[in-house]
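Single-letter residue listing:
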Amino acid sequence: MAERTQNVRRDLPGARWRSSTVRLIAIYGVFFLAWSVVLVAALNWQTTQYLDGVVGEILEQRVHYLARVDRDNLPSMMAATNQLDLRGVMYFGLFDASGAYESGNIDRPPEGLAPDGQIRELPRGLQTTSGERNARALGVALRLKSGELLVLARYTSVADRIGAMTRSALIWALSLLLIPGLLGGFLLSRGPFQRVRNIETAIQPIMRGDLGARLPVSGRRDEVDMLAAIVNRMLDRIERLLGEVKGVSDNIAHDLRTPLTRLRAQLYRLQTESDPTDPRTAMLERCIVDTDGLLDRFRALLRISELEDLRRRAGFGEVDLSDTLRRVHELYTPLAEDKGVTFALTVAEALPLQADAHLLIEALSNLVANAIKFTPHGGTVELRASRTPNGARVDVLDNGPGIPPAERGAVLQRFHRSESGRETTGFGLGLSIVAAIIRLHDFRLEISDNTPRGARLTIYCWPHGASDPA
Amino acid sequence: MARILTIEDDAITAREIVAELQASGNEVDTVGDGREGLARALTGGYDAITLDRMLPGLDGLAVVTELRRAGIDTPVLMISALSDVDARVRGLRAGGDDYLTKPFAPEEMAARIEVMLRHRRAQVPETALRVGDLQLDLIARTAQRNAATLELLPIEFRLLEYLMRNAGHTLTRTMIFESVWGYHFDPGTNVIDVHIGRLRRKVDAGNATPLIHTVRGCGYTIRVPHG
Numbered sequence: 001m002a003e004r005t006q007n008v009r010r011d012l013p014g015a016r017w018r019s020s021t022v023r024l025i026a027i028y029g030v031f032f033l034a035w036s037v038v039l040v041a042a043l044n045w046q047t048t049q050y051l052d053g054v055v056g057e058i059l060e061q062r063v064h065y066l067a068r069v070d071r072d073n074l075p076s077m078m079a080a081t082n083q084l085d086l087r088g089v090m091y092f093g094l095f096d097a098s099g100a101y102e103s104g105n106i107d108r109p110p111e112g113l114a115p116d117g118q119i120r121e122l123p124r125g126l127q128t129t130s131g132e133r134n135a136r137a138l139g140v141a142l143r144l145k146s147g148e149l150l151v152l153a154r155y156t157s158v159a160d161r162i163g164a165m166t167r168s169a170l171i172w173a174l175s176l177l178l179i180p181g182l183l184g185g186f187l188l189s190r191g192p193f194q195r196v197r198n199i200e201t202a203i204q205p206i207m208r209g210d211l212g213a214r215l216p217v218s219g220r221r222d223e224v225d226m227l228a229a230i231v232n233r234m235l236d237r238i239e240r241l242l243g244e245v246k247g248v249s250d251n252i253a254h255d256l257r258t259p260l261t262r263l264r265a266q267l268y269r270l271q272t273e274s275d276p277t278d279p280r281t282a283m284l285e286r287c288i289v290d291t292d293g294l295l296d297r298f299r300a301l302l303r304i305s306e307l308e309d310l311r312r313r314a315g316f317g318e319v320d321l322s323d324t325l326r327r328v329h330e331l332y333t334p335l336a337e338d339k340g341v342t343f344a345l346t347v348a349e350a351l352p353l354q355a356d357a358h359l360l361i362e363a364l365s366n367l368v369a370n371a372i373k374f375t376p377h378g379g380t381v382e383l384r385a386s387r388t389p390n391g392a393r394v395d396v397l398d399n400g401p402g403i404p405p406a407e408r409g410a411v412l413q414r415f416h417r418s419e420s421g422r423e424t425t426g427f428g429l430g431l432s433i434v435a436a437i438i439r440l441h442d443f444r445l446e447i448s449d450n451t452p453r454g455a456r457l458t459i460y461c462w463p464h465g466a467s468d469p470a
Numbered sequence: 001m002a003r004i005l006t007i008e009d010d011a012i013t014a015r016e017i018v019a020e021l022q023a024s025g026n027e028v029d030t031v032g033d034g035r036e037g038l039a040r041a042l043t044g045g046y047d048a049i050t051l052d053r054m055l056p057g058l059d060g061l062a063v064v065t066e067l068r069r070a071g072i073d074t075p076v077l078m079i080s081a082l083s084d085v086d087a088r089v090r091g092l093r094a095g096g097d098d099y100l101t102k103p104f105a106p107e108e109m110a111a112r113i114e115v116m117l118r119h120r121r122a123q124v125p126e127t128a129l130r131v132g133d134l135q136l137d138l139i140a141r142t143a144q145r146n147a148a149t150l151e152l153l154p155i156e157f158r159l160l161e162y163l164m165r166n167a168g169h170t171l172t173r174t175m176i177f178e179s180v181w182g183y184h185f186d187p188g189t190n191v192i193d194v195h196i197g198r199l200r201r202k203v204d205a206g207n208a209t210p211l212i213h214t215v216r217g218c219g220y221t222i223r224v225p226h227g
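Note that the protein sequences, when read in sequence, are chains A and B.
Under this note's numbering, the first sequence has 330 at position 330, and the numbering climbs by one with no breaks.
Under this note's numbering, the second sequence has 38 at position 38, and the numbering climbs by one with no breaks.
Hints should not be assumed to be uniformly reliable.
[Claimed, not checked] With beta-carbon atoms standing in for the labels, derived distance ranges:
#, chain 1, residue 1, chain 2, residue 2, range
1, A, Asp292, B, Ser179, 19 to 27 Å
2, B, Glu151, A, Val289, 31 to 39 Å
3, A, Arg240, B, Pro125, 50 to 58 Å
4, A, His377, B, Arg130, 33 to 41 Å
5, A, Asp338, B, Thr149, 19 to 27 Å
Keep in mind that the hints were calculated from the coordinates and are not lab data.
Backbone N, C-alpha and C fix where the C-beta goes; we use that ideal spot for every residue, glycine too.
Use the sequences and the hints to build the structure in full.
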C-alpha cells in the first residue's frame, strides 16, 4: 500500500495542472488576455486617429495661411510660426521649382508627397537640417503661385507616446489582474484536489472488498460532494445487490448441506446393509463415489465463497516462505515419485513475509498438485522461491500442456475447464481457490510459459493494490 | 460398549448418525433440542457427544460452553453447517474436541467418534507403541519390526505414530491429513494414499505379516490381522 501512495504522490505535479479549477482559470486568462489586447489596440487606434486628425488640421490651417502670405515675408513668417512651436515638432521647407532648398528646416522635399495641399502620412519621416529622423510624420505640400514648393510637416510623436502609454497600461493591467488571478486559481484548485485525494484514500478499502465503506462528503454541497454522493448511492445499491446475491447463494448452500448429508448417509447405510454379492451393491458403491465427488466439489465451492468473503486478516503473521515450500515439497514428493515425475525444490535463505500460513500452504499445494497432475511420466516439476527487490516470489514450473495465453485470465475464474487437454477433474476449482487466496493476500498470480514446454505459475508475494487483477 | 449422546435437530440425519454408531456397537441416545440436549449431557454418563452447531432452543456453541463450565469433560464432536476457519476455531475454543462440517460421510463421523473414545480411555502418556511385532520408541524416535530397525523419514514416523496411537481404529484420509500435517484443506485425491503406500513398503516389507490395512472406501488402519 505504501508503494501505491508513493505512485500517487509522484503523479502530483502533473495531476495538479490537470485540475479543473486550474484549467478554468487558464482558459479565463487566455480570453482575458486576448480581449485586453483587442481593447487596447482599439483605444490606441482611435487615439492615434484623433490625434492625427488634430495634427492634420493644424498643418492644413498653417499651410493655407502661409500660402496667402506675401512671398518675401514667407521665410520670416515660417521662422516665426516655428518659434510658437515649443516642442520643435513642426517642420517647414521652401523649395524652388526644381526642388532645391531655399529656406526652412527641411533639407529636401519628402519623397512621394504630392503638392496638392492634402495631408499625407510620411512613412519614412523627414530629411531635416538637424539631421535624419525616421520617425512617423504627417506632411503637406503646396505649389505656390511662384512655382515654389512649400512643405509643412509634423512628427506624430505625441500620438505615438500615447500609444506607448496605453501599451504599458495593458502590461500593468495584465500583471495586476491576470497574475493574481492565476495565482488565486492555483491556490483555489488545491482544495478540491486535496478532497479528490481524500476520496482516493477512502476508496482503497472499497476496492479491497470492504463494500461497507463510503466516500467522504464535506457538507458543502458542491460538485465534488455531489459526485461523492452519487458514488455513495451507487455503492449502497451494489452492496445491497451483492448482499442479496450472497444471501441467496448462502441459503442455497445451507439448504443443500442437510439433503446432501442425508443422501450420503442413506446411500452408505443401504450399501452396508446389502448383500456384497448382489450386483446392486457395486452400483451403490459407485453412487457413493459419485456423491463423494459431488460433496468434494460442493465443499470447494463453499471454500471459495468463504475465502472471497474473508475480510479478516487475523490469521496473518510472519511466515517463512522457504519453510512453507519445504513443507509442500515434503507433502507432494511421494505423489510425484509414484508418477515418475522429478519434483525439484529450489530455496535459498529464509524469506519472511506477512501471510496466513495455512492458506499459503493451501494455495501452493493446489498449484503443485496441478503441476504434478499435468506433467507426464519422466517430466519435471520445479518449486522455486527467490528474492526480488520488491519481495519474495514463488515459481511453480511444470512440463504439462501449458495454458494458452487466451485462457490465462479465465482459468482463475470458477468452473473454468481448459479445452487443451487439462481435463482432470477439479482443476478449475483448485485454481479458483488459489486465486481467491492470492487476492486475500493482495499478492499477484501470473501464468506464463515454461521452456521448452509447460506452464509457469508465479506468485509475487508483496502487496499489489486492490486494483490489480490477482 | 460406549454410551453416546447425539444432539441433532434433523430427524433423518439423526437417524443415520444413530444407525452408524450403533453399527459399531455403541449405545446411542438422541435429542433434537439444544436445551434438552444440555440437560441430558449434564447428567454425565456419556462417553461421547455429537453436537449439531445450530439447534432450536439452545445453540450448539452455548451447549458445549455450558457443559465445560459445569466441569463435564465428555468429548464432543461438533457437527456444523458453518465450515469457515473462524467457525471451526470458535467451536474448538468453546470446548469441542473435534469439528466436522456438513455435508459429511457417516463413516467419517463414526471414525472420529471412535478415536475420541480411544483417547478418553488412554489418558496415560505413552513412551512406546506396539502393534504385533512392530515397535515405536517415542523417546528415541525409532521404529523396529522383528528386531530390524526401520529407516523412516520424519514425516513417515509421525504418520506411523498416528496410526499406532489409534491402532485398530479406522482413520479417514481427512483425519490423517488434519492430525499428521495439521491442515484443513483438501490436498487432492491420492496424496495421503501415496504417503501410506511408502510407509507400508517399509513397515510391511518382505514376507512380514501386513499390519497396515486399507478400509475400503473409508481410510486406513493398523492392526494385527485376525486369526
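Taking the hints in turn, this is what the structure says about them:
1. Asp292(A) <-> Ser179(B): 19 to 27 Å: For Ser179(B) against Asp292(A), whose Cβ atoms are near 20 Å apart, the range 19 to 27 Å holds.
2. Glu151(B) <-> Val289(A): 31 to 39 Å: Roughly 36 Å apart at Cβ, these two residues keep to the hinted range, so it holds.
3. Arg240(A) <-> Pro125(B): 50 to 58 Å: At 56 Å between Cβs, range holds.
4. His377(A) <-> Arg130(B): 33 to 41 Å: holds, 40 Å
5. Asp338(A) <-> Thr149(B): 19 to 27 Å: holds, 25 Å
The structure agrees with every numbered hint stated previously.
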